[in-house]
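Chains as they are written, first to last, in the numbering used here: chain D, 171 to 441; chain W, 171 to 441.
These aren't lab readings, by the way, just hints derived from the structure by calculation.
Certain hints may be false.
Pairs involving identical chains hold if they fit within one copy or between any two copies, as the list cannot separate such chains.
To be verified - Mimicking EDC-like on lysine to aspartate or glutamate, the simulated pairs with C-alpha atoms at most 20 Å apart in a straight line are:
| no. | residue 1 | residue 2 |
| --- | --- | --- |
| 1 | Lys240 | Asp207 |
| 2 | Lys204 | Asp413 |
| 3 | Lys420 | Glu372 |
| 4 | Lys434 | Glu303 |
Please read all numbers here as calculations on a predicted model, not as lab measurements.
2 protein chains.
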Amino acid sequence: MTRQEIFQQIQQKASFLCVGLDTDIQKIPQHLLKAADPIFEFNKQIIDATADVAVAYKPNIAFYESLGAKGWESLHKTLEYIPKNIFTVADAKRGDIGNTSALYARAFFDTMDFNSITVAPYMGVDSVSPFLEFEGKWVILLALTSNQGSQDFQTLTASDGRPYFHHVLEKSQTWGTPDNLMYVVGATRGEKIAEVRSLAPEHFFLVPGVGAQGGSLEDVAKFGMNEQCGLLVNSSRGIIYADSSENFAKTARMEAQKLQEEMKKLLDHYL
Amino acid sequence: MTRQEIFQQIQQKASFLCVGLDTDIQKIPQHLLKAADPIFEFNKQIIDATADVAVAYKPNIAFYESLGAKGWESLHKTLEYIPKNIFTVADAKRGDIGNTSALYARAFFDTMDFNSITVAPYMGVDSVSPFLEFEGKWVILLALTSNQGSQDFQTLTASDGRPYFHHVLEKSQTWGTPDNLMYVVGATRGEKIAEVRSLAPEHFFLVPGVGAQGGSLEDVAKFGMNEQCGLLVNSSRGIIYADSSENFAKTARMEAQKLQEEMKKLLDHYL
Chain D
171 MTRQEIFQQI QQKASFLCVG LDTDIQKIPQ HLLKAADPIF EFNKQIIDAT ADVAVAYKPN
231 IAFYESLGAK GWESLHKTLE YIPKNIFTVA DAKRGDIGNT SALYARAFFD TMDFNSITVA
291 PYMGVDSVSP FLEFEGKWVI LLALTSNQGS QDFQTLTASD GRPYFHHVLE KSQTWGTPDN
351 LMYVVGATRG EKIAEVRSLA PEHFFLVPGV GAQGGSLEDV AKFGMNEQCG LLVNSSRGII
411 YADSSENFAK TARMEAQKLQ EEMKKLLDHY L
Chain W
171 MTRQEIFQQI QQKASFLCVG LDTDIQKIPQ HLLKAADPIF EFNKQIIDAT ADVAVAYKPN
231 IAFYESLGAK GWESLHKTLE YIPKNIFTVA DAKRGDIGNT SALYARAFFD TMDFNSITVA
291 PYMGVDSVSP FLEFEGKWVI LLALTSNQGS QDFQTLTASD GRPYFHHVLE KSQTWGTPDN
351 LMYVVGATRG EKIAEVRSLA PEHFFLVPGV GAQGGSLEDV AKFGMNEQCG LLVNSSRGII
411 YADSSENFAK TARMEAQKLQ EEMKKLLDHY L
């Protein structure tokens with residue numbers, strides 16, 4: 171999927187919402203446990219309920235992997251069920267030496283047909299490049315995350331006085347372009363998003379941490395939006411677990427729509 | 171498995187060899203493709219042929235994941251087949267926010283029964299700690315790798331004049347101990363191994379990059395060995411793909427034994 175296609179979808183739906191499919195067998199509504207594949211059944215109903223307001227779906231791979239071969243099958247089915255015009259993110263945070271990253275790329279881009287994958291930068295160029303070689307596919311590189319541990323290494327000051335994540339942003343732009351490389355940018359503080367935006371003006375950011383993890387959507391838009399929106403804002407728990415009754419899909423839709431309406435206002439204001 | 175148990179095995183076998191199970195359907199001997207599960211059949215024969223000279227097996231998870239649900243099953247069967255007194259490493263390089271890392275820990279330590287997993291440090295404490303909470307299990311944290319991209323960020327100089335990987339070594343020792351935390355340390359240069367050893371005197375190192383990836387076993391022992399050996403040296407391709415004929419297991423054994431004999435000499439010399 172091209173950058174232009176992502177932007178078109180954002181305009182059509184007046185939304186930059188990514189729905190995180192962190193589907194946990196212990197958290198889904200009881201009545202679904204009777205289904206042949208409860209995880210897929212849950213995802214299917216969430217997708218049906220939100221596909222007109224979401225521009226991206228992001229299955230968190232750990233949730234599927236923790237169920238072994240069965241989880242892997244639920245993931246495959248989920249991915250096949252997502253409408254082809256909606257952007258898909260494998261939130262896998264992979265990264266290994268070249269020939270191993272190439273295998274992960276094959277797994278997520280060929281065996282499955284994800285549009286993008288989140289990648290960790292620590293092992294450098296040959297851990298990232300194999301993912302960039304796939305035409306029409308995207309790397310979403312960890313730059314600045316919003317979890318507690320992000321303060322341990324990401325913000326460490328380098329000898330040139332700049333934090334480490336600046337170097338990740340700068341160096342990685344010699345590997346990929348705004349047409350095949352996005353960044354994960356945490357949403358806890360607006361000024362941090364502005365800082366990343368100044369270093370990567372054209373790139374799309376995948377922003378977790380709005381909603382349950384704190385972080386204001388208004389700040390994200392104010393400090394992070396560029397001419398093509400440049401934002402995919404994720405919400406997982408706030409949407410998919412808003413209601414644990416048989417009405418879960420309806421409630422999920424309401425929550426997604428609330429975010430979409432707020433996003434519409436922000437798009438109208440800033441674009 | 172405890173540190174003492176690992177050391178006892180090293181002494182008993184006079185070996186610190188880890189065999190990497192980077193099992194690729196495109197590289198295994200043709201005649202195995204007739205088997206119901208060629209990947210498992212290959213691993214089974216490699217394990218049978220090397221179990222008395224190897225102290226650890228390290229399946230590279232990407233190779234299994236790239237085959238989807240079927241690969242996942244081959245991995246399960248392989249892990250169950252490895253004798254319980256041999257240390258097992260899930261070479262997965264995971265690392266995510268706390269609740270997601272907890273799920274990966276569940277996948278590799280509970281759903282499967284790996285003794286250890288390789289973890290990437292970029293997201294900091296809450297991405298690593300969930301793995302450390304499992305009694306008797308190990309984190310093997312990426313410190314200094316030997317691939318080309320290791321020069322991009324790992325060796326970047328911080329404001330205190332020390333390279334970034336020093337900070338990873340130092341900070342992570344406030345999270346784990348030599349009894350549940352090892353480090354991945356690349357083997358391309360002996361003096362680098364000495365540098366890491368000075369910062370982590372008691373910890374075990376998992377050393378890839380001996381053999382096919384270059385790096386001398388003698389240097390690794392000279393600069394990296396501690397009182398409990400403190401080394402698990404991995405060889406993958408040099409052993410498992412030494413021979414593509416029907417004799418592959420026999421040749422793999424010969425190659426593994428060659429390394430073990432060299433290791434015995436080094437253990438006799440340095441311990």
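**Hints violated by the structure (listed by number, smallest first)** = Structure breaks hints 3 and 4.
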